[in-house]
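Colleague: Using the sequences and the hints given, assemble the complete structure.
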Amino acid sequence: MKKFILGKRKRILFSIPACVLFLLFFQACGLQEYFALDPPVAYHTPDYSTSNYTEKYFRFGTASNSSSGEFIAEGTAVYYKIYSSYSEMNSHISSVNALNTLSNGTASARRVIETYSYKPVGTSAGSSRTPLIANNGAQTVYIRLMSYGTDSNFSSKVIIAGTEQSWKPVRYDNRRTFEFGRGANTYANYENNATPSTGDDDVYGSSSPFDNVWYVNMYAISVGRDASYTPYYSLVTWLGSVAIDAGSKNN
9 MKKFILGKRK
19 RILFSIPACV
29 LFLLFFQACG
39 LQEYFALDPP
49 VAYHTPDYST
59 SNYTEKYFRF
69 GTASNSSSGE
79 FIAEGTAVYY
89 KIYSSYSEMN
99 SHISSVNALN
109 TLSNGTASAR
119 RVIETYSYKP
129 VGTSAGSSRT
139 PLIANNGAQT
149 VYIRLMSYGT
159 DSNFSSKVII
169 AGTEQSWKPV
179 RYDNRRTFEF
189 GRGANTYANY
199 ENNATPSTGD
209 DDVYGSSSPF
219 DNVWYVNMYA
229 ISVGRDASYT
239 PYYSLVTWLG
249 SVAIDAGSKN
259 N
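Add 8 to the 1-based position in the sequence shown for my numbering, that's all there is to it.
Where hints are given, some of them may not hold.
Cut-off 25 Å, straight-line C-alpha distance, at most; resulting in silico cross-link-like pairs (SDA-like, lysine to any residue) [as the list claims (entries may be wrong)]:
no.: 1; residue 1: Lys165; residue 2: Ser135
no.: 2; residue 1: Lys165; residue 2: Glu82
no.: 3; residue 1: Lys127; residue 2: Ser102
no.: 4; residue 1: Lys257; residue 2: Asp234
no.: 5; residue 1: Lys127; residue 2: Ser72
no.: 6; residue 1: Lys257; residue 2: Asn193
no.: 7; residue 1: Lys257; residue 2: Ser215
no.: 8; residue 1: Lys165; residue 2: Trp175
no.: 9; residue 1: Lys165; residue 2: Gly83
no.: 10; residue 1: Lys165; residue 2: Gly191
no.: 11; residue 1: Lys127; residue 2: Asn98
no.: 12; residue 1: Lys257; residue 2: Arg184
no.: 13; residue 1: Lys165; residue 2: Ala196
no.: 14; residue 1: Lys257; residue 2: His52
Note that these hints are calculated values from the structure, not bench results.
Modeller: And the structure:
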């Protein structure tokens with residue numbers, strides 16, 4: 009996390025409104041300080057067009073952000089959206105990418121969270137982790153949303169810093185899974201393997217896909233807050249997108 013001291017040049021800062029949105033200010037010894045959160049780094053970004061199940065995972069590194077004074081670097085939030093159309097998904101990705109610059113401040117994060125209503129990835133433990141990855145320095149994170157076959161190497165899971173978590177990644181309600189094609193009662197937890205509906209809060213699209221294939225797009229964002237619990241965001245990191253066939257038990 010970068011730290012800066014401002015003296016006489018503070019007028020330059022206030023002449024750039026986007027920066028005001030992006031930066032957190034403190035008063036110390038008569039000088040102004042502000043802190044900018046470093047974003048995560050993507051290591052493996054799956055493409056929705058791939059049919060290779062071995063590639064359908066997300067892997068990224070969290071940033072090493074530090075808390076300071078009244079500012080708390082909370083960790084890394086992971087957001088997702090389910091789309092019924094890959095063309096609409098790609099349009100949203102392009103829109104976010106166009107805003108994802110330092111000069112635009114938190115505009116890209118707010119486009120993801122507020123405009124497009126992306127939801128935080130939930131946990132099968134039945135309770136939220138806010139954020140999903142707690143601040144513990146730079147760590148490598150692996151996320152696979154859905155399972156292929158019975159091989160544990162390709163099952164739904166989250167691995168943080170080499171440790172597989174006891175919970176699995178699920179939708180924001182901490183109940184419904186991304187195993188859209190495993191709704192038969194032969195599967196454990198089958199009642200929560202529901203196919204998305206266009207009326208769901210985490211779904212974008214006016215109609216269900218004709219081929220029963222849904223698309224999930226993901227972002228990671230470093231997050232923090234001040235003493236008044238005002239949220240602060242880094243630039244967004246695109247993690248990739250995967251296709252999930254609700255007509256198949258293997259994805």
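Colleague: Against the structure shown, which of the earlier numbered hints fail to hold, in ascending order?
Modeller: 4
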